[in-house]
Amino acid sequence: MQNGKKGIRIRQDVWKLSNEDPWHPVLLWYARAVAAMQGRAITDPTSWRYQAAIHEHFPANDPLAVSGETLPSLSEQATFWTQCQHDSWFFFPFHRAYLLYFERIVAEAVRQLGGPADWALPYWNYSDATNKDARRLPPAFYASTLPDGTTNPLRIYKQTLGTETDIPRSPNANKGLDIATASDVDLSCLLKPQFASSSIGGQVGFGGPRTWFNHNNGHAGACESRPHGTMHVAVGGPKGWMSSSFTTAGLDPLFWVHHCNIDRLWEVWLRRSANANPGEPGWRSILTMYFHDADGKAVGVKSEQLADTTAPLLGYEYEDVSDPFPGVVTPAAPDPGAVPEMVGATSAPIVLGASRVTVQFATTAPLGPAAKSPSPSVHLNLENITAAEGPTESYLVYVNLPAGIGPEDRPDLEAGIIPLFGVVEASREDRGHRGDGLHYSIDVTSLLRTAEWNPNSLQVTFVPHERPGVDRAGVGVKTVTVGRVSLYYS
Amino acid sequence: MRWQLAFWRHPEWWSLVLSAAAWLAIAAAALTPGGHADHAHGGHEAAPSLVALNWLNMTSAMMFPMLIAPVRFVAARSLWRMRNRAIVLFLAGYCAVWLGYGVAVETLVTPQRGESRLFLALTFLVAAAWQWTPLKKSGLRRCHRTAPLAPAGIRASLDCLRYGLTIGGNCWLSCWALMLVCAAAGHSLWAMIPATAVIWMERAWPNQLRGLAWRLAGRQIELAR
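Chains as they are written, first to last, in the numbering used here: chain A, 7 to 496; chain B, 63 to 287.
Just so you know, not all the hints are guaranteed correct.
Which stretches of chain B does chain A cover? Using the computed rule of at least three CB atoms under 8 Å from a CB of chain A, they are [claimed, not checked]:
| # | segment |
| --- | --- |
| 1 | 65-78 |
| 2 | 136-146 |
| 3 | 191-204 |
Keep in mind that the hints were calculated from the coordinates and are not lab data. We treat Cβ as the ideally placed atom computed from N, Cα and C, and that holds for glycine.
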C-alpha cells in the first residue's frame, strides 16, 4: 500500500491485514515471492538462501546445504555474508538496510509475478495489548497450503532432495497458539533515554554499545535484548531456525516481519520525548554496509543515510508508530561520559540448568564518580554467558527473591530476561565470533530502590523461562554457563 | 577535576603514555647518527638485557595502543580501588608473552641472518602469507576476547595476569610474523610504523586488509632498505 500524498510505501500491521483476510494480498504475494526466491540458486544475491546468509553463513549449520554446491567466491562472501551487526550501535541501521534491500527484492519478485507495484513488508506487533492474538502467528504463516492448494512457503520449505518439511519453530507456533509471555514482548526498552550503551555494560541504551563493525561480541542494547532476542527464541523454540542460530534465522519468513517490527520500534522510540540518534561520526558515517539491490547490483550504505524512513532511499512509513507509554515521562538521560563502577561480583561461573539457581555476592558503596552522583543508575551485568551446544532456552532474572517464595508470587522482583539468542554461536570462535559468549546489562535502579535490599550484598536468582508449549526436558535443553554476575553504579 | 574525570574515563591513559615514550626512544635511536635500536645488527649477539629492552620498547610502542579495549575492560571489571593494579597485572602477562617470543627470535633466528637482505625479504613474505591463514584470522578475532574476572583477593590478581597471558597469546598468534619482520629489520622505525598501521587497520577492517597486506609488505621492503 502507498501513501498517495507522499508516494511512499506503508508497512502495515500483519495482524490487521490477517484479520481483514487471512490471505490478504500483502501476505499472499509475500508467500509467492518467497517461493520464487527459494527457487533461485544460492549464488544469486536475490535468492532466499543468499539473503539469509547475509545475517550469517556457516556451511556446517546450513540445513539447506547441498554437498558440492557452488557458493559465491570467498571474496564475495567476505563482503556480503555474515555481516549482521549485533551487540552494537549498528544493530538498528544494519537491520534497517538489510530489511530495505530484502523488501526491494521481494517487491521486484512480486512485480515479476504480476502483483502490485507497491508491495511493502508487514510488521508483527506482538506487543499490541489491544490484540488478544498478538503473541500468536498469523494463520498465513502456519497454513499448510496457499488458497490455490499449493505448498505454503511461509510454513514449509522444500528440501533439495524433493521432500517437504515444516520450518522448525516453537511447538505452539504452527498450532496458532500463544508462543510468548508478556515478559517476552515487554517494551520498557522504549523508556531508555539514550541510544548508545556503555561497551563494557553497567549502563544500557536503546540502541547498543559504541563499536566498530561488530558481528556478535559484547553487550546487547535494550531493544536488541527484548523484545528482539526474546521473540527470536519464542518463535524458534529451543530447536527452531529463529531460536539460536544466526545462520538459520533468516531462512524463516517470520524473521523479516519480526525485524520489521523492531525497525518500527526504532521509529516509535525516536518519537518519544527528546530521543535522538547518535550524532557522532563513528555511528553516522564510518561504517559502510554492503548489500544487493533488487537488480542484483551491489550497494553500500551508511547509518546517516538510514535515519529518515521517508527519505528517497528508503521511502516508507509505518501504519502505526503510536507511543505505547503515553504520558510516561522518559527519565533524564545519563551523562554520556559517566564511568560505570563495579561494586561487587560473583567469583565463580554459574551453571544454569532446568532448575532455579540463586547466587549471592558482596557489594560495596561506589568510590569513584558514581559516589558523587545524586541519583546513580544501577545495573546488573550478566557476563560471558556461554553454551557448548544447543538447544538452550531463556532465563528470567530476579533480584533478592526470598528463599521459598515462587517467582510467580513476586513478579515485582523480576529484573529482566536473558534471551540467549545466538548463545551457541557466540561461544564458538569462528565466523566473526570471538567465543566469549553473550553479555547483558539490566537496569535495576528502580527495582533496588523498592526491593528489600541490604546494600552490602545482592542476591540474583535465575529462573528457567517457561514459554507456552515448550517442554524443556522433552527437547533436552542443555546447560548454560554465566561467567560472572556483577553490579555496577554509574 | 576535569583532568581527574578524563583519567577515570580513560584508565588506559598511562599505558598510552608508556607507548608514546617507547616510540620516542625508538625514534631517538633511529635518528641518532650511527645509532640503531638493534645492536645485534650484523649477527653480533646482543646482551639479554638489551634484547629484553628492545622487545619491551617495541611491544609497548606498537601494541599498547591496540590494547585500549582490553585495558579498559580489566579496569571496568575490577573494583575501583584495584583498577590500576589490574591493568599492571594484565600488561605484565601480555608483555611476558612477547618477551618470551623476543628472546626466542633473537637467540635462534636473527643471529643467523648476517647482512643478508634475502632474510629480511623472506620474513616479509612469511608475514604477508600469514595474513591469509585461518590461524591468523583466529588470533585476530580473539585479540579482544573477554573473560570473567574474580572481583577480589588473590584470585582477582591471578585472573588479570592470566587474562594478559591469554590476550598476549592471541595477539602473538595474530602478529608474530609482523613482529619478526620488525626484529629482522633491526627494530627499525621504518619497519615498525607500517607494521603498526597494518595491525591497527586489520582490527578495524579485518575483511578488507588481506590484499593490502601484500602491497604493504612490498612497500616495507623498500622502506627498510
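Structure-based check of all given hints:
1. Under a criterion of three residues with beta carbons nearer than 8 Å to beta carbons of chain A, the stated coverage of the segment 65-78 of chain B is upheld, 3 such residues being counted.
2. For the segment 136-146 of chain B, the stated coverage by chain A holds: 6 residues have a C-beta nearer than 8 Å to a C-beta of that chain, and at least 3 were required.
3. For the segment 191-204 of chain B, the assignment as covered by chain A holds, since 3 residues bring a beta-carbon within under 8 Å of that chain's beta-carbons and 3 suffice.
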